[in-house]
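Participant: Taken in sequence, the protein lines are chains A and B.
Counting in our numbering, the first sequence runs from 19 upward without gaps.
Counting in our numbering, the second sequence runs from 2 upward without gaps.
Careful, some of the hints might be misleading.
[Claimed, not checked] Calculated pairs, DSBU-like style, for lysine-lysine (alpha carbon to alpha carbon, straight line, at most 30 angstroms):
1) A:Lys-445 <-> B:Lys-101
2) B:Lys-101 <-> A:Lys-430
3) B:Lys-26 <-> A:Lys-415
4) A:Lys-444 <-> A:Lys-353
5) B:Lys-195 <-> B:Lys-235
6) B:Lys-246 <-> A:Lys-444
7) A:Lys-176 <-> A:Lys-37
8) A:Lys-37 <-> A:Lys-143
9) A:Lys-415 <-> B:Lys-166
10) A:Lys-65 <-> A:Lys-445
11) A:Lys-132 <-> A:Lys-176
12) B:Lys-66 <-> B:Lys-136
13) B:Lys-152 <-> B:Lys-235
14) A:Lys-176 <-> A:Lys-25
15) B:Lys-235 <-> B:Lys-6
16) A:Lys-444 <-> B:Lys-166
17) A:Lys-415 <-> B:Lys-6
18) A:Lys-415 <-> B:Lys-235
19) B:Lys-136 <-> A:Lys-415
20) B:Lys-26 <-> B:Lys-6
21) A:Lys-445 <-> B:Lys-109
22) A:Lys-415 <-> B:Lys-195
23) A:Lys-430 <-> B:Lys-136
24) B:Lys-152 <-> A:Lys-415
Calculated directly from the structure, the hints in this document are not laboratory data.
Spelled out, the chains give:
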Amino acid sequence: MLVENIKAEFNLYKNQADKSDFFLKREQAFAEFEKVGFPTTKNEEWKYTNLKNITNQSFQSTCESTIETELMLSHAFLKDLTANKLVFVNGSFRPELSTIIETDESIVISTLAKAKTAHSELFNKHFGKYAPIEGQGLNAMNTALLSDGAFIYVPNNKTITNPVIIVNIADSTDVNVLCQPRNLIIVEKSASLTLVETFYAVGNNPSFTNVVNEVYANENAHIEHYKIQNQEGESYHNNFTQIFQEANTNINHVTLTLSGTLVRNNLHFFMNGQNCNSLLYGLYMPHGTELVDNHTRVDHAFPNCHSDELYKGIMMDKSVAVFNGKIMVHLDAQKTNAYQRNQNILLSNEATVNTKPQLEIFADDVKCTHGATIGQLDEEPMFYLRSRGIPSDVARKMLLNAFADDIAERIKIPELVELLEQEIEKKI
Amino acid sequence: MLSIKNLKAEIEGKKILNGLNLEVKAGEVHAIMGPNGAGKSTLSAVLAGRADYEVTEGTVDFDGKDLLELSPEDRAREGVFLAFQYPIEIPGVSNTNFLKTAINEKRKYQGLEPMEATDFLKMMREKMELVEMDKSLTSRSLNEGFSGGEKKRNEIFQMAMLEPKLGILDETDSGLDIDALRLVSEGVNKLRNKERSFIVITHYQRLLDYIVPDFVHVLYKGRIVKSGDASLAKELEEKGYDWIKQEVEANS
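Isolated chain A (complex conformation) (with noise of 0.2 angstroms):
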């Protein structure tokens, strides 16, 4: 039971550790997590995912990692692109494996481990300062036991020329493994950020991923933040990524995911001034059982905001897929616009989509809509091209690519929209 490993290793690590302000918050953590423990379905916001099959079983934190591990780095995605390249197997940081090419020294590309002693008044100012912990089990469980993650400073004014990719690998070649990567990325005034995080899994045992991530962006900042899971064989991912905005900040954000057995997405915006921009967009392509949760919540607490949120779904064979998007329009937070959509194609008759847009208006003087489709390839589009002689199959793989693109051209990195539209073309 994974309630007892985590007990077992948190004894283990209070026994070793010095009572300093972290570990502090850490126990704070523990004594939350052992409260409220996992979800379960009876919890509204859990309703449709069933968590019964991660916490039945155990898994164990570990730093091994075996030669499986460098062979998927050798065929990972984007492994050709100019980029800074964290890579963390097992939640460990993997210098020999990693590369930093970005040269101003100003900004900081790092682990959240180095980041504790060598940036202590960044990361005492930010950490744990925007990812809840109350009620939130997972959450707490990654605060008293995280491995280690990125950090991520950059300054004023400043860009990071290429992007930074972090690269989780869980691998279970040898055990049933657990892993808690932490990342707490910093955007200051004016500066600018494109961070692409990818998952993936190697070994035949279970593995379990449970991510928290902090992204603070200060007035003026923009972020491109990308994120990829294509974890392969017994998979399970938790995710929870807090952004929190300053006035005039602009993020972009896009959630791809390409395979898991089960995999849930919290991805929250929270936004501290006017002039905030917003925009949420992710894909999903679930097939065999596999089990897709998206969650997410845009807070406006100031006027003069603009939230653009698309989700799309392919959803093949006995798969199922959730979408619960949350805005909340506050009280002050007049001239909001804010729009959200979801759109699932079903493949197969066994597939199902839970979908729940939902806007919560306080303020009287906005702008927002929502709403969601289920339904099947149309018809008139396949008939229009077979009758220009394309196959049937060969329609149906544009007409996919074409619902997919929508969310791939949001992407700003060509090579990454090149790779994923390969992944589309193998998925469908």
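Fit chain B to the known structure of chain A by using the hints.
Facilitator: Just chain B now, kept in the frame of chain A:
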């Protein structure tokens, strides 16, 4: 080239075509006219292979092949082209990619290698000029944001690219102003030759001022009730369809 014998078809149990006969030889242009609800669009849908129509009786022979047995894509690859009355928009599929796929699928069917990219582009340029198609339209998504006239012209452009044996124009004139109508018609006329045949389906004679047919047929209650040359269309324009209806009622 095309021989339709005693064709009967229905949709959702409603009989639309009631024993239609039509012979089209290579190079001929046949106009099919008729009042609303006569079965004009059903004829084009059945020939193109729309699944929602059920053929209950009759045969359609196309150059020795049983057309009704073929899938829509095989009909196209055998050389049937339907210019739609309402061409749909397909966002995300580029015009160019769509045409390249269509042409290469046809070539594959004929046992030919895919077309060289340079040859394809050259052909695009030539055919665009031929039908006076705006270059900027080809880089966009298929029909997306096109005006009514642009959509119809794109149909003719596709026809020019795919070089069919038989072109079926389904009320291509509907919704077009006179300038657009002239442009579309000129495109069609440039595609006329000794081998290529056309079936021009229209409610109005106006289109036939530009695309002058060899034969005009009147479709009424799912059958061809009168045939003649281009002058029949003029007569219909002057007198309407009532006298035809009366003739049919008197003879039945």
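Participant: State for each hint whether it applies.
Facilitator: Quick rundown of the hints versus the structure:
1. A:Lys-445 <-> B:Lys-101: holds, 23 angstroms
2. B:Lys-101 <-> A:Lys-430: At roughly 27 angstroms apart (the allowed maximum being 30 angstroms), Lys-430 (chain A) and Lys-101 (chain B) satisfy the hint.
3. B:Lys-26 <-> A:Lys-415: Violated, at about 37 angstroms.
4. A:Lys-444 <-> A:Lys-353: Roughly 43 angstroms between the alpha carbons, so the hint for Lys-444 (chain A) and Lys-353 (chain A) is violated.
5. B:Lys-195 <-> B:Lys-235: holds, 25 angstroms
6. B:Lys-246 <-> A:Lys-444: violated, 58 angstroms
7. A:Lys-176 <-> A:Lys-37: violated, 36 angstroms
8. A:Lys-37 <-> A:Lys-143: holds, 19 angstroms
9. A:Lys-415 <-> B:Lys-166: Judged against 30 angstroms, a Cα distance of about 28 angstroms means the pair holds.
10. A:Lys-65 <-> A:Lys-445: holds, 28 angstroms
11. A:Lys-132 <-> A:Lys-176: Distance ~22 angstroms between Lys-132 (chain A) and Lys-176 (chain A) Cα, so the pair holds.
12. B:Lys-66 <-> B:Lys-136: Distance ~37 angstroms between Lys-66 (chain B) and Lys-136 (chain B) Cα, so the pair is violated.
13. B:Lys-152 <-> B:Lys-235: This hinted pair holds, its Cα atoms lying about 28 angstroms apart.
14. A:Lys-176 <-> A:Lys-25: Violated: Lys-176 (chain A) and Lys-25 (chain A) sit about 42 angstroms apart, past 30 angstroms.
15. B:Lys-235 <-> B:Lys-6: holds, 27 angstroms
16. A:Lys-444 <-> B:Lys-166: violated, 36 angstroms
17. A:Lys-415 <-> B:Lys-6: Cα-Cα ~37 angstroms, so violated.
18. A:Lys-415 <-> B:Lys-235: violated, 47 angstroms
19. B:Lys-136 <-> A:Lys-415: With a Cα-Cα distance of about 26 angstroms, the restraint between Lys-136 (chain B) and Lys-415 (chain A) holds, given a limit of 30 angstroms.
20. B:Lys-26 <-> B:Lys-6: Holds - the C-alpha atoms of Lys-6 (chain B) and Lys-26 (chain B) are around 14 angstroms apart, at most 30 angstroms.
21. A:Lys-445 <-> B:Lys-109: holds, 24 angstroms
22. A:Lys-415 <-> B:Lys-195: violated, 37 angstroms
23. A:Lys-430 <-> B:Lys-136: holds, 27 angstroms
24. B:Lys-152 <-> A:Lys-415: holds, 23 angstroms
Checked against the numbered hints above, the structure violates hints 3, 4, 6, 7, 12, 14, 16, 17, 18 and 22; every other hint is satisfied.
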